[in-house]
Amino acid sequence: MPKNMPDPRSFVPLTPAIAHILLALADQDRHGYAIMQEVERLTDGAARMGPGTLYGTIKRMIASGLLEEADERPDPELDDERRRYYRATALGRAVLAAETTRMATLLGAARAKRVR
Amino acid sequence: MHLVLERLYGALLYAYPPSLRRAHGPAMRQCARTALARQGVGAAPRLFADLLFSVPREWWLAASSESRPLSLKGLTMFGFLHDVPYALRLLWRSPGYTIAAVLTLALGIGANTAVFSLADATLLRPLRVARPSELVAFKWSVSYPDYRDWAARTDLFEGLAAVGGTRATAMIEGTPEVIDVSFVSPNYFGLLGVPAYAGRLLGAADESAGDIAVVLDHAWWRDRFSRDPGVVGRTIRVNGELVTVAGIAAEGFRGTSLTLTPRMYLPLASMPRLRGGVFGNRRALENRGFTWITAIGRLKPGVSLATAAGAINAMYREQHTSDRRPLSDDIELEPIGERALGGADAGHVRTFVRLLGGIVVLTLLIGCANLANLQLARAAARRREIGVRLALGGSRLRIGRQLLMESVVLASIGGALGLLVANLMFRLMARFQLPGGIDIEGLGLGLDRVALGFTAAAVCGTALLFGLVPAWQGARTGALASLRDQTRSTSARSRLRSGLVAAQVALSLVLLTGTGLFLRSFLDAIRVPLGFMPDNVATASIALGAAKGFDLARSRAFFDQALVRARQLPGVAAAEWATILPTVGSMSAEVAIEGRTPRTGEDLHFYMADVGPDYFRAAGTRLLRGRPFAPADSATAPPVGIVNQTAAQRFWAGQDPLQGRLKIDKDHVIQIVGVVEDTKTHALDEPAAPFLYLPFAQSSGPFGLTRAVLLVRTTGDVHALLPLLREQLRAADPEAPVASLTTFTWQVRKLVMPQQMGVALFGVFALLAVTLAAIGIYGVTAYVAALRRREIGIRIALGADRARIRALVLRQGSIPIAAGLAAGVVIAALASRLATAFLRGVPPRDPLTYTAVAALLAAIALAATWIPARRASQLDPIRALRID
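Each protein sequence line maps, in turn, to chains R and F. The numbering of the first sequence is this note's numbering, which starts it at 8 and goes up by one. The numbering of the second sequence is this note's numbering, which starts it at 412 and goes up by one.
No wet-lab data here; the hints were simulated from the structure. Treat the hints loosely; a few may be bogus.
[Unchecked claim] What follows is a list of derived Cβ distance ranges for each label pair:
#1 R418/F with R94/R: 29 to 39 angstroms
#2 R80/R with L1241/F: 47 to 57 angstroms
#3 D82/R with R418/F: 50 to 60 angstroms
#4 E75/R with T565/F: 44 to 54 angstroms
#5 L49/R with E584/F: 56 to 66 angstroms
#6 D51/R with E584/F: 50 to 60 angstroms
#7 R809/F with T50/R: 15 to 25 angstroms
#8 R559/F with R55/R: 25 to 35 angstroms
#9 R809/F with R55/R: 13 to 23 angstroms
#10 S715/F with L85/R: 54 to 64 angstroms
[Unchecked claim] So these bits of chain R aren't anywhere near chain F, every CB distance computed over 12 angstroms:
#11 A41
#12 G59
#13 L85
#14 R109
Built from N, CA and C at the ideal position, the CB exists for glycine as well.
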């Protein structure tokens, strides 16, 4: 973990939009439309993001160092248009880990009390 | 469809804060495009819903990111639906406001949807063909051999298709129906990229086949055959020949011109078998002088319109050097979009549709200003509620969201009702015609997916427009300030409201000015003497050229029978046959006047019509001298004619025209027996031209009788006459090809159509706008007066004169009105340029109209301020001071 990085725990709890975007970028870089598709797939269609929500959130995540722009290239699966790809930064991954830890703790506690 | 939605989405992106739009706007649009391409129109509701909620969120976060390093906290789009029941409950509790708001929005959104559909069908996608931008049409008709030569120029065109139109009689379940048909080359559908809806389209094999194959228009198949898929393979009798239905063209495809609605597409080669007269000859396909085909080409990539036109002209000159006839004008090509809108009239059509768009957008904007005003008043009334919620720890963003949700719910209900309004508008517009003779009815407007998509976007746009400001203000309310007395710190708010009133007044003035200008030019137009009286006349057009079985004897028998039967109908004052109705079609020929040597360059063309003895009474044209035609002027009697006043004055000045004789061809000497008044032949503002009437019984000519119109003047209701007349025509000959049965007034409607449509539509919306503006003015004045209740109470208690109190309130109310009037006059003067082409007899900046309209609006506005002013002056000071 690089020095001078803010404490990832200060970011949690995350809004669902941020958590979903970080999760969608956990395994590979994706462009905007692919993030929308991945979020939909990960949540079985329960969470659907439109372009406005997506890019508004992306803008703020970049400003706070959770995301960075990767390169711009065409997506062979979609069409020949060039698209901007995004990647989670080290901080972004750490924040997602912190959020996951928080939720795991919560889940453990809930299970212990037989909430679910 | 996708492109339209994507453009709408692109336009709505401007609602976002500039920083987001600049950084990610293109990517967001790209996302929307991909979503539309992959998921179809179903993606649209989600795209627009996302827009609706992320726009306020982004503005909020952009404004409130004071020093916080990361404003990630905020609302997500998940959960906004909880606000819907709450909003519904609130709206239910103030039914007056809700009804006013919903009606305003329904009218505004509905009208916009209807006009957008019209714009979609004329400006955006006039032709439902693939890649229309590559298609060009030859401006003039061409001959079949020329077409064949040019079609070989594969260096210029991907392909060149031919289409020639006519009317034909189709027997549908024993009833003759006269329809437009198109004869098309085998590559027609392929070149245009139009698929088959069912069955197959025409191919090269159909050109030489013994059976004639036909492709049906989708809308006609839907209406006439009730969507029966079994029609494919069946035979239909067209002009006496049996044709076999090969397939049905794609839904929405209406041919390549909006002025015609072909119901059948037949192979070009079958034309001589199906048409009579000169067309019924094999040589029609071989003669280079016989031009009747519209050629449509798809340009090769890299070939420009000018290049193609140049190459074609070179070929044309080469082909025709051996012709003795002089070369006609250069061949010109035009984009297919121009041709579709009627060529020369395309510009007028576009301007007119834009004008309509301007009217409805203005009305919607006025409605939005009104609603924003009402919302502000409500927000002011709810300051305490909001203050309490804030004091209890409610989130400002949530409160703002809730206020916005109310607007969204209102707009959605308004949008749903707006669909009904749009349907009514479609019916209203179907009675009109666009410049250039495009019947709006023929465009088949309806609530299709484009209209629904537009309505969704309009709901979203209006909700943002009238909901954002109150939501913003509501959310910014300070908890303490709002719990204190309301009457302070409201000056900013009343300034905003006054600004909205000024805007409403200005926009209303623009609409009223439009109404005034169109009304004046309409009044001017109907005062122009036509030379005939179309009121109370029924007309039946018979397309004899469309019926092969109708030889001269059978036609004559039918004409006589029909006339006898029509004259026996109740209330009929006069009935007669003619070959041409005034202003509907025309025929002209050059004549020689006996005893008169023409000056060089003198134009001796006469317009002509063959009319029966009772024609002038039926048409309402006055006979000035001599006699009308008589039954004695039969085919065997000496040829006679009647001229109009212009011809009499021009060619027999100083002589007795009744002594005059003229010749159409060598041996045919016509004795003038009467003079009638001038009639309009095409348009209202044309100069009068010489006209020659010949007896219907003596009519002859190279084409024979191809068309005849029966005029029936009644003293009763002309609309009640139409079904009776249809019955009698059928009884006279059940197979008579009746092409249209309608009123004379309807036939000549194009004369005053733009003015009439302008008056009707401007009038409806101006009325709406003025009503809305009056409500807005009343609301604001009453609101401001209410704010000053305490002050006014004190003034009265201290002995202020009540008349001065009234003047005080009136003065305050008049400031936004005066500002609005001034701004409105300027906007109207600038915008009236658009209407110039459709105004007659009145300049677009006619001072009288502007003054009258401004005075009218000022009077209405002052009346709306008068009521609250009077109420304020009658205030009981004790009660006013006791409150709070």
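Tested hints:
no. : hint                                   : in the structure
1   : R418/F with R94/R: 29 to 39 angstroms  : 32 angstroms, holds
2   : R80/R with L1241/F: 47 to 57 angstroms : 48 angstroms, holds
3   : D82/R with R418/F: 50 to 60 angstroms  : 23 angstroms, violated
4   : E75/R with T565/F: 44 to 54 angstroms  : 53 angstroms, holds
5   : L49/R with E584/F: 56 to 66 angstroms  : 59 angstroms, holds
6   : D51/R with E584/F: 50 to 60 angstroms  : 54 angstroms, holds
7   : R809/F with T50/R: 15 to 25 angstroms  : 24 angstroms, holds
8   : R559/F with R55/R: 25 to 35 angstroms  : 57 angstroms, violated
9   : R809/F with R55/R: 13 to 23 angstroms  : 22 angstroms, holds
10  : S715/F with L85/R: 54 to 64 angstroms  : 33 angstroms, violated
11  : A41                                    : 10 angstroms, violated
12  : G59                                    : 3 angstroms, violated
13  : L85                                    : 6 angstroms, violated
14  : R109                                   : 15 angstroms, holds
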